[in-house]
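Just need the whole structure built from these sequences, with the hints factored in.
Here the protein sequences line up with chains A and B, keeping their order.
The numbers in our numbering rise by one with no breaks, and the one at position 103 of the first sequence is 103.
In our numbering, each number is its position in the second sequence, counted from 1, plus 1000.
No wet-lab data here; the hints were simulated from the structure.
Please note: incorrect hints may appear among the correct ones.
[Said to hold, decoys possible] In silico SDA-like cross-links for lysine to any residue, where the CA-CA straight-line distance does not exceed 20 Å:
{"hint": "1", "chain 1": "B", "residue 1": "1198", "chain 2": "A", "residue 2": "14"}
{"hint": "2", "chain 1": "B", "residue 1": "1199", "chain 2": "A", "residue 2": "73"}
{"hint": "3", "chain 1": "A", "residue 1": "16", "chain 2": "A", "residue 2": "302"}
{"hint": "4", "chain 1": "B", "residue 1": "1192", "chain 2": "A", "residue 2": "51"}
{"hint": "5", "chain 1": "A", "residue 1": "119", "chain 2": "A", "residue 2": "193"}
{"hint": "6", "chain 1": "B", "residue 1": "1192", "chain 2": "A", "residue 2": "29"}
{"hint": "7", "chain 1": "B", "residue 1": "1203", "chain 2": "A", "residue 2": "18"}
{"hint": "8", "chain 1": "B", "residue 1": "1198", "chain 2": "A", "residue 2": "237"}
{"hint": "9", "chain 1": "A", "residue 1": "44", "chain 2": "A", "residue 2": "202"}
{"hint": "10", "chain 1": "A", "residue 1": "337", "chain 2": "A", "residue 2": "281"}
{"hint": "11", "chain 1": "B", "residue 1": "1192", "chain 2": "A", "residue 2": "123"}
{"hint": "12", "chain 1": "A", "residue 1": "16", "chain 2": "B", "residue 2": "1066"}
{"hint": "13", "chain 1": "A", "residue 1": "119", "chain 2": "A", "residue 2": "43"}
{"hint": "14", "chain 1": "B", "residue 1": "1198", "chain 2": "A", "residue 2": "17"}
{"hint": "15", "chain 1": "A", "residue 1": "337", "chain 2": "A", "residue 2": "355"}
{"hint": "16", "chain 1": "B", "residue 1": "1170", "chain 2": "B", "residue 2": "1160"}
{"hint": "17", "chain 1": "B", "residue 1": "1158", "chain 2": "B", "residue 2": "1174"}
{"hint": "18", "chain 1": "A", "residue 1": "16", "chain 2": "A", "residue 2": "314"}
{"hint": "19", "chain 1": "B", "residue 1": "1158", "chain 2": "B", "residue 2": "1172"}
{"hint": "20", "chain 1": "B", "residue 1": "1192", "chain 2": "A", "residue 2": "18"}
{"hint": "21", "chain 1": "A", "residue 1": "16", "chain 2": "B", "residue 2": "1192"}
{"hint": "22", "chain 1": "A", "residue 1": "194", "chain 2": "A", "residue 2": "49"}
{"hint": "23", "chain 1": "A", "residue 1": "150", "chain 2": "A", "residue 2": "140"}
{"hint": "24", "chain 1": "A", "residue 1": "119", "chain 2": "A", "residue 2": "224"}
{"hint": "25", "chain 1": "B", "residue 1": "1199", "chain 2": "A", "residue 2": "18"}
{"hint": "26", "chain 1": "A", "residue 1": "16", "chain 2": "B", "residue 2": "1188"}
{"hint": "27", "chain 1": "B", "residue 1": "1052", "chain 2": "B", "residue 2": "1113"}
{"hint": "28", "chain 1": "B", "residue 1": "1192", "chain 2": "A", "residue 2": "17"}
{"hint": "29", "chain 1": "B", "residue 1": "1192", "chain 2": "A", "residue 2": "302"}
{"hint": "30", "chain 1": "B", "residue 1": "1203", "chain 2": "B", "residue 2": "1067"}
{"hint": "31", "chain 1": "B", "residue 1": "1215", "chain 2": "B", "residue 2": "1031"}
{"hint": "32", "chain 1": "B", "residue 1": "1192", "chain 2": "A", "residue 2": "312"}
{"hint": "33", "chain 1": "B", "residue 1": "1198", "chain 2": "A", "residue 2": "73"}
{"hint": "34", "chain 1": "B", "residue 1": "1101", "chain 2": "B", "residue 2": "1212"}
{"hint": "35", "chain 1": "B", "residue 1": "1158", "chain 2": "B", "residue 2": "1140"}
{"hint": "36", "chain 1": "B", "residue 1": "1203", "chain 2": "A", "residue 2": "17"}
{"hint": "37", "chain 1": "A", "residue 1": "44", "chain 2": "A", "residue 2": "207"}
{"hint": "38", "chain 1": "A", "residue 1": "16", "chain 2": "B", "residue 2": "1190"}
{"hint": "39", "chain 1": "B", "residue 1": "1192", "chain 2": "A", "residue 2": "69"}
{"hint": "40", "chain 1": "B", "residue 1": "1199", "chain 2": "A", "residue 2": "68"}
Since we're looking at a predicted model, the values are computed, not measured.
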Amino acid sequence: MQYIGPDFYNISDLLKEEELLIQKTAHEFVQNEFMPVVNEHYEKGTFPTEIATQLGELGFMGSSLPEESGGAGVSNVAYGLILHELERGDSGLRSFVSVQGALVMYPIHSYGSDEQKQKWLPGLGSGELIGCFGLTEANFGSNPGGMVTKAVRDGDDWIINGSKMWITNGSIADVAVVWAKDEEQIVRGFLIEKGIDGFSSSDIHGKLSLRASVTSELSLVNVRVPDSARLPKVEGLKGLLSCLTQARYGIAWGMLGAAVDCYETALNYAKERKQFSKPIAGYQLTQAKLAEMITRITEAQLLVYRLGRLKDEGKMTFQQVSMAKRNNCVLARDIAKISRGILGANGITEDYPIMRHMANIESVYTYEGTHEMHTLILGQEVTGIAAYDS
Amino acid sequence: MKIAVLIKQVPGSDSALPLTGDGTWIDDSLITFVMNESDNYALEEALRIREKINDGEVVVVSMGPDRVQRVIREGLAKGADRGIHLEEDGQIETDPLCIAKSFTSVLEDENFDLVLTGLQSDDTGMGQTGILLGELLGMSTATLGIETDIQSDTIRVKRELESGWFQWIKLPLPASVSIQSGINQPRYPSLKGIMGAKKKEIKIVAQSEHRPDTKWQSLNRLFIPQTNKQTETLNGDADTIVNRLVEILRSDLRII
Chain A
1 MQYIGPDFYN ISDLLKEEEL LIQKTAHEFV QNEFMPVVNE HYEKGTFPTE
51 IATQLGELGF MGSSLPEESG GAGVSNVAYG LILHELERGD SGLRSFVSVQ
101 GALVMYPIHS YGSDEQKQKW LPGLGSGELI GCFGLTEANF GSNPGGMVTK
151 AVRDGDDWII NGSKMWITNG SIADVAVVWA KDEEQIVRGF LIEKGIDGFS
201 SSDIHGKLSL RASVTSELSL VNVRVPDSAR LPKVEGLKGL LSCLTQARYG
251 IAWGMLGAAV DCYETALNYA KERKQFSKPI AGYQLTQAKL AEMITRITEA
301 QLLVYRLGRL KDEGKMTFQQ VSMAKRNNCV LARDIAKISR GILGANGITE
351 DYPIMRHMAN IESVYTYEGT HEMHTLILGQ EVTGIAAYDS
Chain B
1001 MKIAVLIKQV PGSDSALPLT GDGTWIDDSL ITFVMNESDN YALEEALRIR
1051 EKINDGEVVV VSMGPDRVQR VIREGLAKGA DRGIHLEEDG QIETDPLCIA
1101 KSFTSVLEDE NFDLVLTGLQ SDDTGMGQTG ILLGELLGMS TATLGIETDI
1151 QSDTIRVKRE LESGWFQWIK LPLPASVSIQ SGINQPRYPS LKGIMGAKKK
1201 EIKIVAQSEH RPDTKWQSLN RLFIPQTNKQ TETLNGDADT IVNRLVEILR
1251 SDLRII
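Okay, structure coming up:
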């Protein structure tokens, strides 16, 4: 069995047999079940929520978490390969699964009480329940510590007030992991159920990127929850940042999938499209583009592969994740642009996936840590000096 | 209910098929292999039968070099209970009777109630293994199954005939049935299934233990059809040209 994608450096030899079969399963599922409907949803600005239970049945939700936490216990490389295939389909699909697994199931698995785990993880793992992650606020993106959403203790309960912005799956979620500051300015996580008094959501319209994904604003007005809704094993920014590390890990793999789809589309097109005496793939200018793309894809493959194995060994650092997320977003952005150019006018139509990927990548480039913030994380790591306000 | 599913690993349809230097087989070092399409449907049908009667065992059986264990694992990941790998060294066998006898020698002691195979393999396309195996094991046989209905000691099979005709036949068990592609919607292996498959048994049978000494037929030579462009200029008066044109359309191109 072979890695599905360009394999210039024999990546297949590095992958375990079951990892390759998992990639094949994800690939076939996306191509057969999702690709026939992606353009329709992208155009309408909707997400095919009915696919959630299929994703759950296959084990794609939180797949690297243990079975008792609703996952499938697969390696982090296998998890990455799934996201690679989902994003080869569309970033909206990958984002859906990333949020569910890395930002909802992971914090409940890592920081939740036994009661919370029993209540939420089986349904989230099977896709019967959908989750969202409420961290970003309108005025606090790169600086989450400045959040103004408040959680005030009232007897055995908490009263939460605030609003959250740019929340993937917000309006379709059964449960929201919401982060708020208590009266001592300590950030705490809460599991807020859909339908509870004072909690509402509205979708953000007019997006020209990630259109096949639901993006919402959450509003919390005097939302009263019992202390049992608080994630008991986490406080401060560190815990919530660990969730972001999980999600960014998957994004690095996802961006590779989008880049591979653009590259393969451009390569096939260049070999078939004849101008003057031969296919445009036979001209030096096109070959220079293809050579650049295959080299950068190979670099990115090696980066995420190694990162995955480090994660499997429990040695991965968040700075390493920043490098992969940062690199692969830039790579995908560049490759989408170069690929689109090779397709000429055809490249701007929905007959080819490149413009859709290109528009999606713009979101991914700045979400889950902007390119600039990851640059500063790496800068701090190599110099020991933080270049941002702390 | 004990069901065997014969699965063949064949070159993927998007693989280039370079021939070996002597032209007797394809150079499989350059090929991506996949599960034979109709075998995938046969496997799904077996799993559904087991689920319907809520009892039984599905065993995937494949013959070939070590690489065929991948399709066995894929079958196990989809839900088969165990696998049997008939090893082949060197070039794979293409004689259907020889293949059927190999399978017979390994399967006869297993006493399967049902053997399902794909209708034909996507590489050699002989379409004989299921029937020959059934005959050698003393089973009733049917081909071109597009629907099945399992009973306690019989199986009803809907067969696809020519010109849009169908036929329901009832076979006593044990039976060997070959399955047409499209009979069902094959499942994807779940991650749980893939991880669980690692722990399932694959019995390996060495070539010396299953391969008959005799061989009845062999592939002489494979070749890639040559496409030639020919240009013929028609000369003469109108009648001569028209007559020749009609002859070409009727006899050479067979389009009128």
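Check whether the Cα positions of residue 1199 (chain B) and residue 73 (chain A) lie no farther apart than 20 Å.
holds, 14 Å
Given pair status - residue 1188 (chain B), residue 16 (chain A), alpha carbons within 20 Å
holds, 19 Å
Residue 16 (chain A) and residue 1066 (chain B) were given as a pair; does the straight-line alpha-carbon distance stay at or below 20 Å?
holds, 16 Å
Does residue 69 (chain A) lie within 20 Å of residue 1192 (chain B) when you go C-alpha to C-alpha?
holds, 13 Å
Pair hint residue 16 (chain A) and residue 1190 (chain B), alpha-carbon separation not exceeding 20 Å:
With a Cα-Cα distance of about 17 Å, the restraint between residue 16 (chain A) and residue 1190 (chain B) holds, given a limit of 20 Å.
Mind checking the alpha carbons of residue 1198 (chain B) and residue 237 (chain A) for me, to see if they're no more than 20 Å apart?
Distance ~40 Å between residue 1198 (chain B) and residue 237 (chain A) Cα, so the pair is violated.
Given the proposed pairing of residue 1192 (chain B) with residue 302 (chain A), does the C-alpha separation stay at or below 20 Å?
violated, 27 Å
With a cut-off of 20 Å on the C-alpha distance, tell me whether residue 1158 (chain B) and residue 1174 (chain B) pass.
holds, 17 Å
Hinted pair residue 194 (chain A) and residue 49 (chain A), Cα distance within 20 Å:
Holds, because 16 Å separates the two Cα atoms, which is no more than 20 Å.
Going straight from one Cα to the other, do residue 1192 (chain B) and residue 51 (chain A) come out at no more than 20 Å?
The given pair, whose Cα atoms are some 18 Å apart, holds under the 20 Å limit.
Pair hint residue 119 (chain A) and residue 43 (chain A), alpha-carbon separation not exceeding 20 Å:
Distance of about 36 Å is beyond 20 Å: violated.
Verify the proposed pairing of residue 16 (chain A) with residue 1192 (chain B), using a straight-line Cα cut of 20 Å.
holds, 16 Å
The earlier numbered hints that this structure contradicts are 8, 13, 29, 31.
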